[in-house]
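A.B. asks: So you can see what is in the structure, the chains are spelled out below.
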Amino acid sequence: MDFRPTEEQQMLRDAVASIAGRYGHGYYVERARAGQKADELWNELGQAGYLGVNVPEAYGGGGMGISELAIVVEELAHAGCPLLLLVVSPAICATIIARFGSEAQKERWLPRFATAELKMAFAITEPDAGSNSHLISTTASRDGDVYRLNGTKYYISGCDEAEAVLVVTRTGTDPDTGRGRLSLFVVDLDTPGIEMTLIPVEIVAPEKQFTLFFDDVVVPADRLLGVEGDGLRQVFFGLNPERIITAATASGIGRYALDKASAYARDRSVWGAPIGTHQGLSHPLAKAKVDVELARLMCAKAAWAYDSGADAGQAGEAANMAKYAAAEAALAALDQAIQTHGGNGLSSEYGLADLWGMARLMRTAPVSREMILNFVAQHSLGLPRSY
Amino acid sequence: MDMNVVVCVKQIPDPTAPQALDPATGTLVRDGKLILDDSDAYGVEMGLQLAEQSGGGEVTLVSMAPNAETSGLRTALAMGAAKAILVSDPLLAGSDALSTAKVLAKAIARANPDLVIAATESTDGYTGTTPVQVAELLGMPSVTFAKKVTVQGPAVHVERQTEAGFDEVECPLPAVVTVTAGVVEPRYPSFKGIMAAKSKPVDQLSIADLGLTAGEVGAGGARQQVVDVSAADERKAGEVVVDEGDAHERVVAFLEQLKIV
Ligand SMILES: Cc1cc2nc3c(=O)[nH]c(=O)nc-3n(C[C@H](O)[C@H](O)[C@H](O)COP(=O)(O)OP(=O)(O)OC[C@H]3O[C@@H](n4cnc5c(N)ncnc54)[C@H](O)[C@@H]3O)c2cc1C
Ligand SMILES: Cc1cc2nc3c(=O)[nH]c(=O)nc-3n(C[C@H](O)[C@H](O)[C@H](O)COP(=O)(O)OP(=O)(O)OC[C@H]3O[C@@H](n4cnc5c(N)ncnc54)[C@H](O)[C@@H]3O)c2cc1C
Numbered sequence: 260m261d262f263r264p265t266e267e268q269q270m271l272r273d274a275v276a277s278i279a280g281r282y283g284h285g286y287y288v289e290r291a292r293a294g295q296k297a298d299e300l301w302n303e304l305g306q307a308g309y310l311g312v313n314v315p316e317a318y319g320g321g322g323m324g325i326s327e328l329a330i331v332v333e334e335l336a337h338a339g340c341p342l343l344l345l346v347v348s349p350a351i352c353a354t355i356i357a358r359f360g361s362e363a364q365k366e367r368w369l370p371r372f373a374t375a376e377l378k379m380a381f382a383i384t385e386p387d388a389g390s391n392s393h394l395i396s397t398t399a400s401r402d403g404d405v406y407r408l409n410g411t412k413y414y415i416s417g418c419d420e421a422e423a424v425l426v427v428t429r430t431g432t433d434p435d436t437g438r439g440r441l442s443l444f445v446v447d448l449d450t451p452g453i454e455m456t457l458i459p460v461e462i463v464a465p466e467k468q469f470t471l472f473f474d475d476v477v478v479p480a481d482r483l484l485g486v487e488g489d490g491l492r493q494v495f496f497g498l499n500p501e502r503i504i505t506a507a508t509a510s511g512i513g514r515y516a517l518d519k520a521s522a523y524a525r526d527r528s529v530w531g532a533p534i535g536t537h538q539g540l541s542h543p544l545a546k547a548k549v550d551v552e553l554a555r556l557m558c559a560k561a562a563w564a565y566d567s568g569a570d571a572g573q574a575g576e577a578a579n580m581a582k583y584a585a586a587e588a589a590l591a592a593l594d595q596a597i598q599t600h601g602g603n604g605l606s607s608e609y610g611l612a613d614l615w616g617m618a619r620l621m622r623t624a625p626v627s628r629e630m631i632l633n634f635v636a637q638h639s640l641g642l643p644r645s646y
Numbered sequence: 023m024d025m026n027v028v029v030c031v032k033q034i035p036d037p038t039a040p041q042a043l044d045p046a047t048g049t050l051v052r053d054g055k056l057i058l059d060d061s062d063a064y065g066v067e068m069g070l071q072l073a074e075q076s077g078g079g080e081v082t083l084v085s086m087a088p089n090a091e092t093s094g095l096r097t098a099l100a101m102g103a104a105k106a107i108l109v110s111d112p113l114l115a116g117s118d119a120l121s122t123a124k125v126l127a128k129a130i131a132r133a134n135p136d137l138v139i140a141a142t143e144s145t146d147g148y149t150g151t152t153p154v155q156v157a158e159l160l161g162m163p164s165v166t167f168a169k170k171v172t173v174q175g176p177a178v179h180v181e182r183q184t185e186a187g188f189d190e191v192e193c194p195l196p197a198v199v200t201v202t203a204g205v206v207e208p209r210y211p212s213f214k215g216i217m218a219a220k221s222k223p224v225d226q227l228s229i230a231d232l233g234l235t236a237g238e239v240g241a242g243g244a245r246q247q248v249v250d251v252s253a254a255d256e257r258k259a260g261e262v263v264v265d266e267g268d269a270h271e272r273v274v275a276f277l278e279q280l281k282i283v
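Quick mapping for you: the protein sequence lines, in order, are chains A and B.
Residue 341 in this note's numbering sits at position 82 of the first sequence, and the numbers go up by one each step.
Residue 211 in this note's numbering sits at position 189 of the second sequence, and the numbers go up by one each step.
It cannot be assumed that every hint is accurate.
[Unchecked claim] Cβ pair distances, simulated, as ranges: (1) A:R367 to B:A115: 56 to 66 Å; (2) B:S252 to A:R525: 26 to 36 Å; (3) B:E185 to A:D449: 56 to 66 Å; (4) A:V635 to B:G48: 50 to 60 Å; (5) B:T145 to A:E266: 21 to 31 Å.
[To be verified] In silico lysine-lysine, DSS-like type, Cα no more than 30 Å apart, as pairs: (6) B:K55 to A:K546; (7) A:K560 to B:K258; (8) B:K220 to A:K548; (9) A:K560 to B:K55; (10) A:K560 to B:K214; (11) B:K258 to B:K222; (12) A:K365 to B:K281; (13) B:K222 to B:K55.
Worth flagging that the hints you see were computed from the coordinates, not collected in a lab.
Note that beta-carbon positions come from the ideal geometry of N, C-alpha and C, so glycine has one too.
Given the sequences, and given the hints that come with them, work out the whole structure.
C.D. replies: Below is the structure:
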């Protein structure tokens, strides 16, 4: 067992850290509060190939895996720039297209994922089908050469900046189980019949969330990914990367918070000694450090399991555990960092409290804490399914 | 004309990490991972730009470092340099700037460059004496403190930073030019660059490979020796002038005392 990163992985980490460090959390917050995107950062990273590290080399990408994408995402978050769209566009969409797309589809989209010129949103969640994807009611029905999409998706990130969205639809129902037969489509967001409305959320991030309405949206048949009805299996292939990249984002936020907290606790003194001297502050920070490092370890294991093609069960279990652990660790680290800063913890200047919405999100999305515990109880511990 | 450029790159202990001196020799401990000296990133970028502008040239890196260290070289290779020559030999321990220059000159000569670029001074040793010694040993002219470098035909044009402004200097090639941090903005390596760096050739040489002997370089050849190391004076706490209506007078009086005004 060798825990050392490869030389390339270390260089990747260093390079992204220094680019992101030049922008920093101040830039991120300023853009977010002004309702703008982190375009300069995104474009600089994209042009250097850092946002397409996991896109196959044959299509201009880096030819590496989710392990490398996780490094990129973690360092961005560590620099105070957690970019939500990375969880969606390269992690889910590029992965699914590279795996299930036809040659023509891969040629159409992957080269622009490689440079991150293409941003693609991902839509599975519906008002009446959140944690239960079998209940999806957005339908796609074949009509000659085209499909017609009808239904509603919500909490879809980045629709205002993405060019297209990968939509999970129902194309039939299994007569035995009553569950939906799902199919995936890539739909351009300017297609007539699509409407989007903003969902205001208390998260300080450049990305925004939307409700997407599909009203008889005509989609050419060549936008169907893979085989009709095979969507559930295809989506699952993209969901492990989604969880791993979420875990990496959370780990980065945890490290960001701990860096700030430990610097402040070394420096600030109120009773003649630095506040970090008091174990009432140092122990919770030490515990938070342990938890963040454990989460990073599980994240690296999950990415390795996924990239090495270890059996899907192992990758799925590790990805879920990493996402759970990292979200909890990030939230605890951030909370303790805020506490360490006293009143300053709540100030805008210190750049901590504004990250709470983002860190808190990771306990809920893309899969909630409870659904992960359900998974672990059932699959890792062999307990009966409760729902 | 294809321009082949050699860029000297020093690999140094991470300046942001705590540093230690070896109590026996008084020199810097260099056991851990070494990184590309930031000062040399400018030289690498300048070399790459000149080679690219020439149409078909390439950049060869030359470095002398302990323990066959290549981490810093890989960073420069990822930026786009084509290959590297690394001189690493236990006999080099205790090298002073002249020993270093002898080694670098021999290694550079192998690459037969049109232009040699170095930084004006390194971040860790910062004597700023190595490159001119290299030039002397190679029998090349040298131009120091370049803030702008262009190549026209067989000559290099340099804007040379001075205290008052800059000198414009023209010098025949091959030559040694030292560059300042203002010369160009170093690029970040692209991800493809990082992936390609691993397979680029690093020619690792001993002093014997260069035709040098232990008496000429390392501790044996050093003309310079660290005889004593003492801690720098702690900086005294500044004086805070609280304004009670006369602050401007007290500040002026203080500056007068320092003969600044
Ligand atoms: C900022 C943000 C961005 C998002 N971006 C996207 C996106 O880009 N694309 C997308 O498709 N979706 C996105 N989502 C949606 C997100 O994935 C869902 O909100 C999440 O999966 C939870 O689903 P839900 O909101 O429907 O909750 P519900 O399924 O209604 O769950 C409500 C609560 O009940 C619990 N619960 C449900 N079932 C069980 C059970 N069996 N056992 C125990 N507890 C249970 C849940 O854990 C949760 O706490 C985003 C959400 C947010 C807030
Ligand atoms: C205080 C001190 C401690 C030292 N400790 C050690 C030690 O522990 N072990 C040891 O082996 N040597 C040691 N040296 C030698 C040192 O590492 C240098 O290689 C040599 O003295 C060059 O001096 P400099 O760093 O001042 O270079 P400068 O003259 O300031 O360097 C100018 C430029 O020359 C080039 N250059 C300089 N050195 C190299 C190099 N090695 N490879 C490639 N390019 C180079 C770079 O472009 C550099 O920016 C020490 C030197 C000093 C002054």
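A.B. asks: Could you run down the list of hints and mark each one as holding or not?
C.D. replies: We went through each hint and held it up to the structure:
Restraint check, R367 (chain A) to A115 (chain B): a C-beta distance of roughly 59 Å satisfies the suggested window 56 to 66 Å. Restraint check, S252 (chain B) to R525 (chain A): a C-beta distance of roughly 28 Å satisfies the suggested window 26 to 36 Å. A beta carbon spacing of about 59 Å between E185 (chain B) and D449 (chain A) agrees with the range 56 to 66 Å that was offered as a hint. For V635 (chain A) and G48 (chain B), the Cβ-Cβ distance of about 58 Å falls inside the hinted range of 50 to 60 Å, so the restraint holds.
Distance hint check for T145 (chain B) and E266 (chain A): the Cβ-Cβ separation is about 22 Å, which falls inside the suggested range of 21 to 31 Å. Only pairs whose Cα atoms come within 30 Å are accepted, and K55 (chain B) paired with K546 (chain A) is accepted, the gap being roughly 29 Å. Of the pairs offered as hints, the one joining K560 (chain A) and K258 (chain B) is violated, with about 51 Å between alpha carbons and a cut-off of 30 Å exceeded. Distance check on the hinted pair: K220 (chain B) and K548 (chain A) sit about 33 Å apart at the alpha-carbon level, beyond 30 Å; violated.
Our distance criterion of 30 Å between C-alpha atoms is met by K560 (chain A) and K55 (chain B), whose separation comes to about 25 Å. Of the pairs offered as hints, the one joining K560 (chain A) and K214 (chain B) holds, with about 25 Å between alpha carbons and a cut-off of 30 Å not exceeded. Of the pairs offered as hints, the one joining K258 (chain B) and K222 (chain B) is violated, with about 50 Å between alpha carbons and a cut-off of 30 Å exceeded. For the proposed pair K365 (chain A) and K281 (chain B), the alpha carbon gap of about 72 Å is over 30 Å, so the pair is violated.
The hinted pair formed by K222 (chain B) and K55 (chain B) meets the criterion: a straight-line CA distance of about 20 Å does not exceed 30 Å.
Figure legend: structure checked against the earlier numbered hints; hints not met, in rising order: 7, 8, 11, 12.
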